[in-house]
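Enquirer: Listed here are the chains, written in short residue letters.
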Amino acid sequence: RKEVEQDPGPFNVPEGATVAFNCTYSNSASQSFFWYRQDCRKEPKLLMSVYSSGNEDGRFTAQLNRASQYISLLIRDSKLSDSATYLCVVIEWEEYGNKLVFGAGTILRVKS
Amino acid sequence: DTGVSQNPRHKITKRGQNVTFRCDPISEHNRLYWYRQTLGQGPEFLTYFQNEAQLEKSRLLSDRFSAERPKGSFSTLEIQRTEQGDSAMYLCASRSTGTLTDTQYFGPGTRLTVL
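From first to last, the protein sequence lines are chains A and B. The first sequence runs contiguously to residue 112 in the numbering used here. The second sequence runs contiguously to residue 115 in the numbering used here.
Honestly, the hints are just simulated from the structure, not real lab data. All C-beta atoms in this analysis are idealised placements derived from N, C-alpha and C, irrespective of residue type, glycine included. Any given hint could turn out to be false.
Here are the computed distance ranges between Cβ atoms for each label pair [said to hold, decoys possible]:
#1 A:40 to B:62: 24 to 30 Å
#2 B:59 to A:15: 29 to 35 Å
#3 A:40 to B:83: 24 to 30 Å
#4 B:52 to A:53: 35 to 41 Å
#5 A:16 to B:115: 42 to 48 Å
#6 A:9 to B:103: 21 to 27 Å
#7 B:13 to A:18: 42 to 48 Å
#8 A:18 to B:71: 47 to 53 Å
#9 B:22 to A:81: 30 to 36 Å
#10 A:12 to B:58: 33 to 39 Å
#11 A:10 to B:66: 33 to 39 Å
#12 B:58 to A:8: 20 to 26 Å
#13 B:8 to A:40: 16 to 22 Å
#14 A:16 to B:63: 48 to 54 Å
Output of the computed footprint for chain B on chain A, the stretches with three or more beta carbons under 8 Å from beta carbons of chain B [said to hold, decoys possible]:
#15 33-47
#16 99-108
Given only the sequences and the hints, what does the whole structure look like? Please build it.
Expert: Rendered as structure tokens:
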């Protein structure tokens with residue numbers, strides 16, 4: 001079983017739609033969670049951190065459910081520019097520090 | 001532009017050749033990470049440095065791979081005797097342990113194609 005699992009999609013949605021992605025993680029000791037966005041042939045860029053209390057940044061809302069070990073990302077009022085791959089990321093704490101463990105990503109295509 | 005730079009951006013090589021990539025992190029960042037990403041997958045951790053010390057290496061990092069960060073600033077990743085399976089995007093990221101955030105900042109990557 002992969003450490004971080006995501007539905008690869010693609011999710012094809014019209015402009016203005018609301019879309020949600022889920023991600024599950026296997027390590028119950030994980031403490032920090034993020035969503036990164038990656039455009040085609042570009043590097044990943046931090047979209048937002050995910051907190052237990054949930055957090056919102058404009059049209060984007062992230063939620064964490066520790067009991068079920070899943071993370072969600074909700075995008076409201078989708079824009080064409082939201083088309084990208086969304087990577088779910090979990091921090092794995094090691095003896096000497098931490099490393100990011102990425103899911104394979106969920107592809108979003110927003111169409112006019 | 002995150003401030004992390006990588007060179008070259010693209011590298012095409014023949015199987016069996018050696019290649020070396022360079023990463024220049026954000027100047028005040030003491031942690032530097034290398035990841036590899038293949039098509040349709042998320043980045044996979046390879047190794048990381050705190051200053052000049054290499055603290056962890058993934059099992060993905062075979063003995064053909066070596067990374068250095070001699071002065072605690074830039075880092076190099078060398079692949080010896082390249083194989084077609086080494087074709088991937090090699091990403092470098094950096095962060096500072098002096099902040100409360102775990103955020104890593106990625107460079108643009110080096111895309112390696114082994115023919």
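Enquirer: All hints are to be evaluated individually against the structure, with a verdict given for each.
Expert: Evaluated hints:
1. A:40 to B:62: 24 to 30 Å: About 29 Å separates the Cβ atoms of residue 40 (chain A) and residue 62 (chain B), which means 24 to 30 Å holds.
2. B:59 to A:15: 29 to 35 Å: Given about 44 Å between the Cβ atoms, the range is violated.
3. A:40 to B:83: 24 to 30 Å: Given range 24 to 30 Å: holds, Cβ gap about 26 Å.
4. B:52 to A:53: 35 to 41 Å: holds (39 Å)
5. A:16 to B:115: 42 to 48 Å: Since the Cβ atoms of residue 16 (chain A) and residue 115 (chain B) sit about 45 Å apart, the hinted range of 42 to 48 Å holds.
6. A:9 to B:103: 21 to 27 Å: For residue 9 (chain A) and residue 103 (chain B) the Cβ distance comes to about 25 Å; the hint holds.
7. B:13 to A:18: 42 to 48 Å: holds (45 Å)
8. A:18 to B:71: 47 to 53 Å: holds (49 Å)
9. B:22 to A:81: 30 to 36 Å: holds (32 Å)
10. A:12 to B:58: 33 to 39 Å: At 35 Å between Cβs, range holds.
11. A:10 to B:66: 33 to 39 Å: About 38 Å separates the Cβ atoms of residue 10 (chain A) and residue 66 (chain B), which means 33 to 39 Å holds.
12. B:58 to A:8: 20 to 26 Å: holds (23 Å)
13. B:8 to A:40: 16 to 22 Å: holds (20 Å)
14. A:16 to B:63: 48 to 54 Å: holds (53 Å)
15. 33-47: holds (count 7)
16. 99-108: holds (count 7)
Hint violations for this structure: number 2 only, all remaining hints satisfied.
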